[in-house]
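Residue numbers (my numbering), protein chains in the order written: chain U, 1431 to 2325; chain Z, 125 to 285; chain V, 748 to 1182.
One thing to keep in mind: the hints can contain errors.
[Said to hold, decoys possible] Simulated DEER-style distance windows between Cβ atoms:
(1) Gly1158/V with Val1570/U: 47 to 53 Å
(2) Arg127/Z with Asp1892/U: 33 to 39 Å
(3) Ser2271/U with Ile160/Z: 50 to 56 Å
(4) Gln952/V with Glu1493/U: 26 to 32 Å
[What the hints assert, rightly or not] Each computed BS3-like pair below joins lysine-lysine, with the alpha-carbon atoms no more than 27 Å apart:
(5) Lys159/Z with Lys2242/U
(6) Lys131/Z with Lys1842/U
(7) Lys159/Z with Lys223/Z
(8) Lys934/V with Lys797/V
(9) Lys785/V with Lys1494/U
Hint data in this document are derived by calculation from the structure and do not stem from the laboratory. All residues carry an ideal CB built from backbone N, CA and C; glycine is no exception.
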Amino acid sequence: MATTPKTTTDMITLTIDGKSATVPKGTLVIEAARQVGVMVPHFCYHPKLSPDANCRMCLVEIEKMPRLQTSCSTQVAEGMVVKSASSSVAQEARKSVLDFILANHPLDCPVCDQGGRCDLQDFSHEYTATTSRFKELKRVFQKEYFSPLIETQMNRCVQCLRCVRYCDQVMDVKALAPVGRGTLTEIKAFGTHELDCEFCGGCVQICPVGAITSRLSMYEFRPWMLKRTDSICGYCGDGCQITFQTKNNNLIEVNSTHGAGRNNGDLCARGYFGYHVSVHPDRLTSPLIREGDNFQPVQWEEALELVARRLSEIKATHGPDAVGGLITGRCTNEDVYVFQKFMRGVIGTNHIDSSVRYGHLNGVRALQRVQGTHQWTVSFEDILAADVLLLVGTNVTETNPITGLKVKEAVKRRGAQLITIETLEPAIGAMSNIVNLSRHHFGVNPDAYAAAILGILKGVLDQQAIDPELSTKAHGYFNDISAQLETISWPVIEGVTGSAASAYKEAAESFAKGQKVVILVGPGVLRISGGFGMMMNLLDLLILTGKLTKPGCGLAPLAEENNDQGTFEMGGVGDVLPGGKPVGDREARKALSQAWGRPVPDSPGASLPQMIEEAQKGKLKALFIVGENPRGSLPPSSGIQQALENLEFLVCQELFLTETAKNAHVILPACSYAEKDGTFTNTEGHLQPVRRAIEPVGESRPDWEVFSALSVLMGDAMEYGEVKEIGKEIHNLLPGTRTLGPGPLPSKPDPSAIARYVSSEYKRDLAARYQVPSCASSNSKGVTLTISQSLFHSGKFSLKAKGLMQVESEGKLYLHPEEAARRGLGDGDRVKVMNSLGEMSTTVSFRERIPQGVGVFPEHFDQEIRRLLPYAVDQETQVPYCRLTEVRIEKVTAS
Amino acid sequence: MSRYPVKRSALLPLLNLAQREEGFVSEPAMREIAKILDLTPPQVFETVTFYTMFNLKPIGRFHLQVCKSLMCALVGSDNVVGWIQKKLGIGPGQTTSDKTFTLSVVECLGSCGTGPMMQVNDDYYEQLSEEKVGRVLDDLKRDGTCSLKTGPFMYPQPLGK
Amino acid sequence: MAKYEKILLNNMEQPGYTGSLADYERAGGYQALRTVLKDMQPDQVIEVVKKSGLRGRGGAGFPTGVKWGFIPKDHPGPKYLCCNADESEPGTFKDRQLMERDPHQMLEGMAITCFAIGAQTAYIYIRGEFRLGAKILERAIQEAKTAGYLGDNVLGSGLTINIFVHQGAGAYICGEETALLESLEGKRGLPRFKPPFPATHGLYQKPTVVNNVETMANIPHIINRGGEWFASIGSPPKSCGTRVFCLSGHVKRPGNYEVPMGITFRELIYELGGGMRGDKPLKAFIPGGASAPFLTPEHLDVKMDFESVALAGSMLGSGGVTVMEDGTSMVWAALRLMEFFYHESCGKCTPCREGSSWLVQTLQRIWGKRGRPEDIGVLEELCGNIAGRTVCAFGEAEVAPILSTLRHWRGEYDALIREAQETMPRSKEIPVLTH
Ligand SMILES: Cc1cc2nc3c(=O)[nH]c(=O)nc-3n(C[C@H](O)[C@H](O)[C@H](O)COP(=O)(O)O)c2cc1C
Ligand code: SF4
Ligand code: FES
């Protein structure tokens, strides 16, 4: 329901078609009816939207009311007597509404993609609308090109405005316009322009008829031919439930059932239009073995035997630690689990790393250190219920769009106060922009987040908004932090962040006053230098204001890849065992080796940056890379290229021939998420089932099967018949952590961990964290360039999704129009971007929301951009930082 | 804009202003207004298209709007269209080749007692006759204005005045 | 002609009266506002207006004092007054005169209303075509502000009352009070469903009163001369006071006539209006704007008050009386009005949106001699399926001309259809569905 759940517990009893219903006050009649099994036909009503009562289909008779009432806009009242199906007047009225709608409807059901799942069809059938007496002219709208992905058939429109309202109320994008007046109103974009929006597909999903349809699946199916498979989206950490619709093993479309999953049936462009990645013609279909500069397709047996032999040889000659493994957070929990078991148990090394290392690790490590659990202590429901939300360095509507929807709903509909520390500035554009909803916005440069966080902390101190119990319970902690903050002067913070002390104080006061406070942190923090320290300081903020252990409050780092959180939990990081315990934990190691019947190595595992170093030094001889592409992700300055070239043996298990795979000796074709079973753990820590929708493409195989087969060939068999057996093994190993329920069970902070932290643990790096890092003050000539995630892409994976490529097919340098103007650059100009590390050429594109002095380039494209990125590694968490740099921009004059 | 607690309320006033300046509401104007009011261009566009006074395309210097609703029709508004057509050679929806006049027929303009009538840009011309229409058109073309415009409105005129 | 005392048009009919502040003050203007600010509590003002029996002059005739009484007293945030100056109902042109000729009268009424309901801000929503009216109002507001009747600290009372003119842009529906609010919020003028009512969730979802220009203009007089005085005029208890009736159509002297409610149509048309043009017989008249069902010569002696007209099967509506002489085709008249309604339907509700295009095309066919015998049944049924099933009262309004002409002059429809059946081959002309 669109309105906020009423806090009042008043219940109201009424009668609907003779059935008694007891519902909370404020419930709409149509909803009360549904609860007692009375389905009132409707078009414009939708539980996600505020009622508009325009279609007049849901008319019911209510005793003591003079005329028919729309049940979608009428609230229940005590003793109300409602007649729907039992009212002949209401039934007549509905019939006449259908009559009116059909009068102007083209009745082109045979060529309509909605045919078979169309409300208009269904109701017409139910109300057997007599053959229309409409003998006049039907309105005919001129067909206009609407967008690359979405098509409109305005002649079919029933003008319920669900699409328009969804785009506004839920998405906050406002890209759709009901144009004109009266019966000639049609849904358009701006002027005669094509649709420019987030392409969430929401309008397609919410249209009750076939007026807005997806071009990707146009005319390809009749709904009843489709096989449905509920699964989880493979793009980001939000973990949306999707339904694959397939026909003869072809992916026809993807959508999400209303109310389904953590996403409540909403999707983003990646989820809705990005599914073709699985069936891209470039998919690797058979194992490949390097022969000179070329790859030769071979049988699985041959490839596997080669891999098994080489790994065994290297292990025998150089020891198990000469082998390293890297796996992607896109794999299922089961894949990751079996992989790390293979590395630890069969090879005998802890040299395992994964995409978690690229940033998410900063989040979970900090959580673990301060609150004893590596998971969120809040859930999406807590975001919705929050009264204060603090977002730091998270362009959430692009990186985690569904989390973004929760934030939008909390702010727009439930009145939460939003505080943002973010590079992007408020500006209306073709995509929603969370800072537009912000009450306290700190627009800081990408390298000044740390200073802004200190500003809030200092504000809390200045406003004396400290948890009163703290000074007694953790006197030393409080004093030390206060002392540290004292050493930082307001002018310094103001100078670095450009925001006034008073603004920080106000925001700090709002924050401290909040009863339910959630902090969301994104890649802007997690993936830049000092990320770990910022996470720690935000946890301090929660402790200082007494919120860390309060229900409904917590710090939530957002996972970028769909299973980053699960990958960490499955031990996909060298020094972490399944369940999140450190490798150094002897008890945990013991338990694990007992369960496995194999020793678990105790030497600490190398991180990816360390493995690169080892390989460069020649100590690491072999790498087994699963679904990762470090050459694509890291800048050349990391030394990755030389490291890969130094290796004696490189195996890549992949969907596509990536930059990294090109260096491999053997390439093994793997299944995508659409072709395998298993589970993903979303950013909230919620475990969800992934289901096979189509048969594996070519000869590709699920990842776990490959590891299992290799173990057999290496003489140390981990045999699993099916993926469920792996699930069971994990379940037995980690009791209580794997519940496939409807929602997550957020973990609770561990009081003993917090006590440890506030008594001594905090001292370790306090001084380093409580310092305003010097920011590269961009000289007037240069701009600060940051790479960032685009809404339409996810890693490099989505570059193979034809729908998404139609929306965004190349990387561009995004600049504020005025910044560009200052440099004499126009939209679409070719430029050279350079610094001491290298140069690249690209095209300029305008974005109002990017502040002056900053340039943004989506990280998915152009390997070239990485040459300009300096590389640094976090001392504490070994997270490689390569997101920010200073560049000069020069216009390329066409020659 | 300070007149309204919510920015969007200034949309119609700004659109009116834009039309005043350019004679129609252009796309750049809509984008500009969207920016001022923190709206998306489609939000401005949908509003523009709902109201009949906004022109999305350039029109003549003088917009002749003849009321065709029943009350004016009873007293001969259809003739007015005919007279104009005869004089200027344009029908409803058309513009003279010199871009001076555009003719539209519109619904009730609130001067039903003094029909037939037409509005030309900001001004009302009421109780029209063929001769009067002729004079109005001539004056407008020549002087850019015409003394036959009416208002402040009072009808019937009090006796003795 | 000076048979009845004029209340609203009195000033402006005085020779030399320009409507300037000085003129208005000379005629006793702004005394009521002084009285109210000096001697009265808001509740007392509302009481006086309730007692006066004043009913809204915009069309619906809702008791004004009662409407004000719905505004929550202890509401913490802002409240608003909106003066409905959209005057778009075909046949109505009184507000235009009240605004252009004596703007301070309504401004004073608005200021008093603001005081009564506790509003600091009021908007005059004036239809976009009334440029002159808007200019005159702007100027008058400026004058009043300078003289201390508006602005901060009105007449030293410490109260703030600001009035702003807001111009529409061509949409009849924006006269409907909730559509007016939407439009004032910068949106498309689509009516909102009720409840909630504007009194609690109006402009910007704040408590709001919407009143017509003429309603507002009455307020100073009621304050000056008392509720009882007003209630004694016209035909009490339900139809108190005078009304400015707008006479149009085939009469000798069309125009605005202010008379006490309760005189007969005959008196208005034949005495004040001087009778029919060319002394032809009267065939039909509309008693209250385009939305009011047509009446016949038989109804000439109906009294012009709310109940009597309702009893006759029509309504007093906005006060626009349009007269049609013998020879006027009622099918054509209904069609002209239907074209208006089709053009103006906002498109929100299915029955109104689709029904209006269906009705207009059917009428066009009948009028174009391409009717079919079954058309009349279809018309009647469609009208039945629209009225009462829409968000706003437009639905009832648009079917009124058709249903009433069908009721009284069905023969004319039959004749046209019969002719169509007889004249073969059919006319080639095809109606085109456009705006
Ligand atoms: C379709 C429609 C059009 C209306 N147009 C007007 C109008 O132009 N002017 C007006 O004052 N009221 C108009 N009204 C009436 C208003 O909704 C509202 O009742 C009135 O402004 C209230 O003011 P009052 O109580 O002073 O009459 C219209 C109502 C409807 C349903
Ligand atoms: S009845 Fe007509 S005018 Fe009124 S809201 Fe519905 S569609 Fe709009
Ligand atoms: S569902 Fe109630 S009016 Fe459309």
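Here is how each hint holds up against the structure:
About 36 Å separates the C-beta atoms of Gly1158/V and Val1570/U, a value inconsistent with the hinted range of 47 to 53 Å. Distance hint for Arg127/Z and Asp1892/U: a CB-CB separation of about 38 Å, consistent with the stated range 33 to 39 Å. Between Ser2271/U and Ile160/Z, the C-beta spacing of about 36 Å breaks the proposed range 50 to 56 Å. Gln952/V and Glu1493/U have their C-beta atoms about 30 Å apart, which keeps the hinted 26 to 32 Å range intact.
At most 27 Å may separate the alpha-carbon atoms for a hinted pair to count; Lys159/Z and Lys2242/U meet this at roughly 23 Å. Using a Cα cut-off of 27 Å, the hinted pair Lys131/Z and Lys1842/U holds, with the two alpha carbons roughly 17 Å apart. The straight-line distance between the Cα atoms of Lys159/Z and Lys223/Z is roughly 31 Å, outside the 27 Å bound, and the hint therefore fails. Annotation: proposed proximity of Lys934/V to Lys797/V is violated, straight-line Cα distance about 34 Å (limit 27 Å).
Proposed proximity of Lys785/V and Lys1494/U is contradicted: the alpha carbons are some 45 Å apart, above 27 Å.
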